[in-house]
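These protein sequences, in sequence, are chains A and B. In this text, residue positions in the first sequence follow the working numbering: the first is 37, and each later residue adds one. In this text, residue positions in the second sequence follow the working numbering: the first is 37, and each later residue adds one.
Hints listed in this document are in silico derivations from the structure and should not be mistaken for laboratory results. The model shown is predicted, which means the values in this text are computed figures rather than measured ones. Any given hint could be a false lead.
When chains are identical, the list treats them as one kind, so a pair holds in a single copy or across two.
Straight-line alpha carbon distances no greater than 20 Å define the calculated SDA-like cross-link-like pairs of lysine to any residue that follow [to be verified]:
{"hint": "1", "residue 1": "74", "residue 2": "150"}
{"hint": "2", "residue 1": "167", "residue 2": "212"}
{"hint": "3", "residue 1": "216", "residue 2": "245"}
{"hint": "4", "residue 1": "216", "residue 2": "258"}
2 protein chains.
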Amino acid sequence: MTRRAKFRQITIDEIKSLARLQMAEGGTASLSLNAIAKHMGMSGPALYRYFESRDALITALIVEAYEALANALEETAARFADQPVRDCLRQVLLTYRRWALDHPIDFQLIFGNPIPGYQGEEKITAPTAGKVFAPILKILQRAYQQENRPYPSFLENLPPQLQVRLSHSMREFQPSLPEKVVYIGIVGWYHIHGMIMLELFNHIQPLISDPATFYSNEIERLMDQMNL
Amino acid sequence: MTRRAKFRQITIDEIKSLARLQMAEGGTASLSLNAIAKHMGMSGPALYRYFESRDALITALIVEAYEALANALEETAARFADQPVRDCLRQVLLTYRRWALDHPIDFQLIFGNPIPGYQGEEKITAPTAGKVFAPILKILQRAYQQENRPYPSFLENLPPQLQVRLSHSMREFQPSLPEKVVYIGIVGWYHIHGMIMLELFNHIQPLISDPATFYSNEIERLMDQMNL
Chain A
37 MTRRAKFRQI TIDEIKSLAR LQMAEGGTAS LSLNAIAKHM GMSGPALYRY FESRDALITA
97 LIVEAYEALA NALEETAARF ADQPVRDCLR QVLLTYRRWA LDHPIDFQLI FGNPIPGYQG
157 EEKITAPTAG KVFAPILKIL QRAYQQENRP YPSFLENLPP QLQVRLSHSM REFQPSLPEK
217 VVYIGIVGWY HIHGMIMLEL FNHIQPLISD PATFYSNEIE RLMDQMNL
Chain B
37 MTRRAKFRQI TIDEIKSLAR LQMAEGGTAS LSLNAIAKHM GMSGPALYRY FESRDALITA
97 LIVEAYEALA NALEETAARF ADQPVRDCLR QVLLTYRRWA LDHPIDFQLI FGNPIPGYQG
157 EEKITAPTAG KVFAPILKIL QRAYQQENRP YPSFLENLPP QLQVRLSHSM REFQPSLPEK
217 VVYIGIVGWY HIHGMIMLEL FNHIQPLISD PATFYSNEIE RLMDQMNL
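Assemble the whole structure, with the sequences as input and the hints as a guide.
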């Protein structure tokens with residue numbers, strides 16, 4: 037890397053750090069390029085040489101958040117890859133919750149309230165969003181394809197209009213990915229998402245003594261339902 | 037109501053309408069009493085005679101949002117009260133989703149990202165939050181207490197440290213409310229919450245053809261699990 041490129045990277049990293057700080061203090065919608073420029077002692081136009089718009093910066097932060105979550109899941113999946121499917125999946129789902137609670141602003145950035153006026157660039161964000169799903173789909177594939185576990189019986193009676201959409205990145209990651217595996221993944225996803233969102237925003241704490249135990253207990257039940 | 041009280045009420049309603057408009061345009065975190073005052077041609081201090089702080093206004097909006105959702109559920113429950121438990125509950129859960137999609141800002145206000153710096157007044161918001169839960173708990177009570185349906189078997193093996201917290205408003209609403217009924221309510225809640233949050237923020241649409249059918253199908257499965 038040239039000295040010039042290195043300096044550019046340092047500046048970009050500093051802009052992102054300040055953006056995250058701003059969001060932590062004022063919410064994800066509070067991002068202001070001018071405020072960041074001011075803080076860095078730069079002019080607005082100078083900052084635009086690094087990010088051409090507020091939305092470009094938001095997109096960069098979203099991509100990094102997705103990637104950080106995906107990496108956390110991937111690392112856990114790799115660490116427990118030689119364990120039984122159920123043990124490996126449990127660890128990955130526990131990591132998902134842990135990451136959300138440890139990174140509340142990043143989690144809000146990708147799964148929380150939309151940022152007003154933000155026009156996402158799906159071409160950029162969708163493939164990285166897919167990376168979050170990939171380690172879980174891989175474990176499910178191992179269970180239902182390699183180990184030939186029976187699919188849960190509720191898959192037999194799905195309404196015909198309920199079609200799974202295999203994204204480009206899913207097809208790329210695994211051309212033979214069965215729709216049933218993706219469907220199970222989606223069902224599992226909304227389960228853990230519901231619990232985590234309620235806990236992250238303090239809605240479940242007034243109702244149940246121990247959200248961590250509640251989550252653990254419910255993911256066991258979820259895995260039972262899925263024959264895992 | 038005196039002429040003076042009537043005028044006061046009209047002003048309060050106008051402030052709330054402008055606040056909702058502001059949130060719809062700039063997100064729930066964008067609320068500014070000064071901007072509202074300016075728009076109404078009032079001075080800041082004059083507005084403070086109606087709401088003593090930004091947080092007081094937010095609290096009022098949160099209470100109204102909870103009440104609107106609670107009323108929607110309550111009305112549906114009343115309309116289907118003489119139908120079988122499962123049919124009545126189905127309609128209430130469909131209303132829950134419908135209300136969320138029709139009132140995305142109100143839904144974000146009560147269940148979305150926390151508003152930075154907002155100090156909620158739980159003494160005020162908690163009882164109205166409880167009202168949302170009440171129509172559902174009432175239906176569950178009918179099923180498990182009046183109709184003596186068996187509790188789902190997963191309730192038999194709960195970890196001992198998993199205690200349900202009966203809020204003051206729950207005890208008030210129904211002194212004999214069994215913890216098991218509340219537990220089932222919480223489990224059901226995170227299910228529908230997960231699906232709705234993913235749909236509201238456009239995460240499920242890229243994965244499944246028809247989120248409405250998906251939701252309907254999953255609440256049937258949920259009710260099966262609960263012996264309803």
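These are the hints, each one checked on the structure:
1. 74 / 150: neither (26 Å within a copy, 27 Å between copies)
2. 167 / 212: within (17 Å within a copy, 48 Å between copies)
3. 216 / 245: between (35 Å within a copy, 14 Å between copies)
4. 216 / 258: For residue 216 and residue 258, the Cα distance is within 20 Å both inside one copy (16 Å) and across copies (19 Å).
When each numbered hint is compared with the structure, a violation occurs for hint 1 only.
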